[in-house]
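Engineer: These protein sequence lines are chains R and G, in that order.
For any residue, its number in our numbering is found by taking its place in the first sequence, counting from 1, and adding 333.
For any residue, its number in our numbering is found by taking its place in the second sequence, counting from 1, and adding 18.
Simulated from the structure, these hints should not be mistaken for lab results.
By construction, the Cβ of each residue, glycine as well, lies at the ideal position given by its N, Cα and C atoms.
Hints are supplied without guarantee of correctness; some may be wrong.
[Unchecked claim] The following label-pair restraints were derived from C-beta to C-beta distances:
#  : chain 1 : residue 1 : chain 2 : residue 2 : range
1  : R       : 545       : G       : 80        : 38 to 44 Å
2  : R       : 404       : G       : 84        : 32 to 38 Å
3  : G       : 84        : R       : 400       : 20 to 26 Å
4  : R       : 546       : G       : 166       : 52 to 58 Å
5  : G       : 132       : R       : 404       : 56 to 62 Å
6  : G       : 173       : R       : 374       : 48 to 54 Å
7  : G       : 84        : R       : 512       : 55 to 61 Å
8  : G       : 151       : R       : 575       : 42 to 48 Å
9  : G       : 166       : R       : 386       : 56 to 62 Å
10 : G       : 55        : R       : 570       : 31 to 37 Å
11 : G       : 132       : R       : 374       : 56 to 62 Å
12 : G       : 166       : R       : 423       : 41 to 47 Å
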Amino acid sequence: MKRLTILLGLLTASLGISAQELYVATEPASNMPKNGLALRISQEGGFQNGYQSRTIPEMMYGLDKNLMVHASAYLSNFFQNNYKMEGWSTYAKYRFLSIDSTNRHFRGAVYAKYSSSNNPIDFQEINLEGNNSGWQTGVVFTQLLHKLALSASVNYNKALDNRDAQLFPTNFADESLGYTFSAGLLTYPKVYRDYKQTNINVYLEFLGKSNLGRNENLMDVAPAVQFIINSKLRIDVSQRFQLWGNMTRNGKNMYLIRLEYNLYNVF
Amino acid sequence: MMLLGITAKAQFVKAEIQVSGLTCSMCQLATEKAIKTLNFVSDIKPDLNKNIFIITFKKDKAVQLDLIKKKVKDSGFSVSKLVAIFNFDQLKVKDDFHFDYAGSKYHFMDVPEKTLDGPVRLTVLDKDFIPGGEFKKRAASTTFECYRSGMMGKTRTYHVTL
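The shape of chain G in the complex, shown without the other chains (with noise of 0.2 Å):
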C-alpha cells in the first residue's frame, strides 16, 4: 500500500475551517484569537453566520494542521470541516498518492487521476477534523492503516480529498 512520498512543489496558502459548537460571538472570538497565536497564521477572517474562519498562511513558516485543531479544542469546540487550500505545480495525483510537505505526509483517498495545477481545494478526511460519526464510518471502510492511525511509521498523515 505504500507507495513513495514526493517533495511536492506545494504552498499550502489558505485553510478554511468550520467549527462546530459555536453559540455566540465571543466564542468565536476566543477562538479566532487562538488560531492568531499560532506563527505561521498570517490572517484570520470569520464568517460569523457559518461559523467558519478562513485562514491566510505566512509564506515563509510550515504551516501544521494540528496545532490549529489544538487551539480550536482549547477554546471548548471541534473542528467540523477544514479544507486546505494548496497552491500545486503541474503534480500528478491519484487514489493513495501522498506529497510531503513540512515533514507530514499529505495522502490522497477516493480521488480520480488528475494534474493538479494552481489553486486547490482539499478537504481533509482525518479524525477531529470532520464530525466523530464520519471518521468512524470512514476508519471503518478503509484499508488504510495509516488513516486510523493518522502516522505512516512515525510521520504524521493527513488525508484529503479532492
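For reference, chain R alone in the conformation it holds in the complex (with noise of 0.2 Å):
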C-alpha cells in the first residue's frame, strides 16, 4: 500500500503535469472560501443485492476562511424496496495549519461529523453515510505539488444505536478506524486562460477500514474523474471496487454520480 502509494505519486509528479484536490470520495485538508455555499446531490448505488441506490442532497458553507460545514441528508432503498428518508449528517471541517506558496502548499485540517439513521444494523461496516448513527472525527494532510494533489486522513468512527429503537447489535464492533490516500491530477486545461474553460481532473482513492478490536478489513479504490464547468458546476463520476475486505457491508462496488453548484459571497 505505501508502496503504491509512493509509485503514484513520483509516477504523476514526473509526468509535470496538474493536479486537484477536490476530491470525490474524501474531503482535502483546504476548505471552502468564507462566504462560499455549495449545494450538492450524490447518487450512489449498485447490484450487490439486485439494484439499490442511495441519493444524498448536501449542503456546504465556508463560515469562515479555516472553518467549513456541511449538512447531508440521506434516502434510499437499501434496506426495503421503497426509497424511505434514513437519516442525516452534519460535518465540520477546521483548517489549522496553511503553508502557502506559488503553486504548491501543505495543509492540515480537522474534521468531525455526526450521523443520523433510521435504518436496521444487519451490517459490521461502520457506515456514516446512511446506515449508521455515530460520529467520527479525524485529521487530514494535503499537498499540492504545482496540479497534483496528494491527500491522507485517519479518522475514528463511533456507532450508536440507530433511532427507532435499532439497536446497536452486541456481536457487532461499535469503532472502526478509517484511513484514506487520495491522489488527484488536473489534466485539462494545460494553460489556464479563461474561467470557462472546462477542468478535468482525474482521481484514484484508497479507502479503508479497520474495526477496532477485531480482524475485520476492507480497502476499496475509486478512480473518478471530474468535469469543472464555467468554475461554478462541478460533476463527478466515480466507480469504487473493493481490492479486498472480510467485513459484511451492503454498499460494496458502487457507482457515484454527484453534481454540485458552486456560489459565492452568498451572504
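Build the complex from these two chains, which are given one at a time in their own frames, with help from the hints.
Structural biologist: In C-alpha cells, the structure reads:
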C-alpha cells in the first residue's frame, strides 16, 4: 500500500502535469472560501443485492476562512423495497495549518461528523453515510505540488444505536478506524486562460476501514473523473471497487454520480 | 529614524497581486469575487495561468491594501506578491522617505535617491504581502521597527521598494 502510494506520487509528479484536490470520496484539508455556498446532489448505487441506490442532497458553507460545515440528508432503498428518508448528517472541518507558496501548498485540517440513521443495523461495516448513527473525528493533510494533489487522512468512528429503536448489535464492533489516501491530477486545461474553460481532473482514492478489536478490514479503490464547468458547476463520476475485505457490508462496488453548484459571497 | 511624512500628490491607480495556494479556477473565481466586493475596486482581471489579479481602483475612493489581503485570506489563500502602481507628480524619494496616502503611510526601503513621476510600480514588502520566510529574513535584518510591526505610532505603515 505504502509502496503503491509512493509509486503513484512519483509517477504523477514525473509527468509534470497538473492536479486537483476536489476529491470525490474524501475531503481535502483545504476549505471553501468564506461565505461560499455549495449545493450538491449525489447518487450512488450498485448491484450487490439487486439494484439499490442512495440519493444524498448536501449543503456546504464556508463560515470562516478556516471553518466549513456540511449538512446532508440520506434517502435510499438499501434496507427496504421503497425509497425512504433514512437520516441526516452534519460535518465540520477546521483548517489549522496552511503553508502556501506559488503553485504549491501544504495544509492540515481536523474534522468531525455526526450522523443519524433509522435503518436496521445489519452489517459489520460502520457507514456514517446513511447506514449508521454515530460520530467520526479525524485529521487530514493535503499537499499540492503544482497541479498534482496528494491527501491522506485518518479517522475514528463510533457507532451508536440507530433511531427508531434499532439498537446497535452487541456482537458487532462499534468502533472503527478509517484511513484514506487520495491523488488528484488536473489533466485539462494545460494552460488557464479563462474561467469558462472546463477543467478535467482525474482521481484515484484508496479508502480503508478496520473495526477495532476485530480482524475485520476492507479496502476500496475509487477512480473518478471530474468536470468543472464555468468554474461553478462540478460533475463527478466515480466507481468504487473493493480490493479486499472481510467485513459484511451493503455498499460494495458502488458507482457515484454527483452534481455540485458553487455560489460565492452569498451572505 | 523618523522623517516627516508628506502628503504626496499620489494617486493609487492599480495593484497587481499574486496569490499563492490557488489550485483551481473555482478558487480563483471565489477570490476574484471576494476582492470585487471592496468599494474601492473598479475592475479586476485575472491571469489564471500565473495566479495574478490586476486590480484597478476607483479614482474617488481610498484604497486599503489590508482589506485586499483579508479578502484573499478569507478565500483560503495568501498574497505572495503585491505591486502597487501609483501615479506621482515629481516626488523625490530616498531610503526611509515616506508619504501619506488615505490615512496610511508608505515607507520606502532599499531605494536610491530618485524623482518619481508618472506611473510607478512599488512592491509592498510587509508581512502577509510577501512569502512568510522572506518577511522573517527582512524583519531580522532591518533596523526599522515599523517594518516589523507595520505601524508607525498609531498609523498603518506599508513598506515599499522600487
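Engineer: With reference to the structure, classify each hint as holding or not holding.
Structural biologist: Here is what the structure says about each hint:
| no. | hint | in the structure |
| --- | --- | --- |
| 1 | 545/R / 80/G: 38 to 44 Å | 59 Å, violated |
| 2 | 404/R / 84/G: 32 to 38 Å | 33 Å, holds |
| 3 | 84/G / 400/R: 20 to 26 Å | 22 Å, holds |
| 4 | 546/R / 166/G: 52 to 58 Å | 54 Å, holds |
| 5 | 132/G / 404/R: 56 to 62 Å | 58 Å, holds |
| 6 | 173/G / 374/R: 48 to 54 Å | 52 Å, holds |
| 7 | 84/G / 512/R: 55 to 61 Å | 41 Å, violated |
| 8 | 151/G / 575/R: 42 to 48 Å | 45 Å, holds |
| 9 | 166/G / 386/R: 56 to 62 Å | 59 Å, holds |
| 10 | 55/G / 570/R: 31 to 37 Å | 34 Å, holds |
| 11 | 132/G / 374/R: 56 to 62 Å | 60 Å, holds |
| 12 | 166/G / 423/R: 41 to 47 Å | 42 Å, holds |
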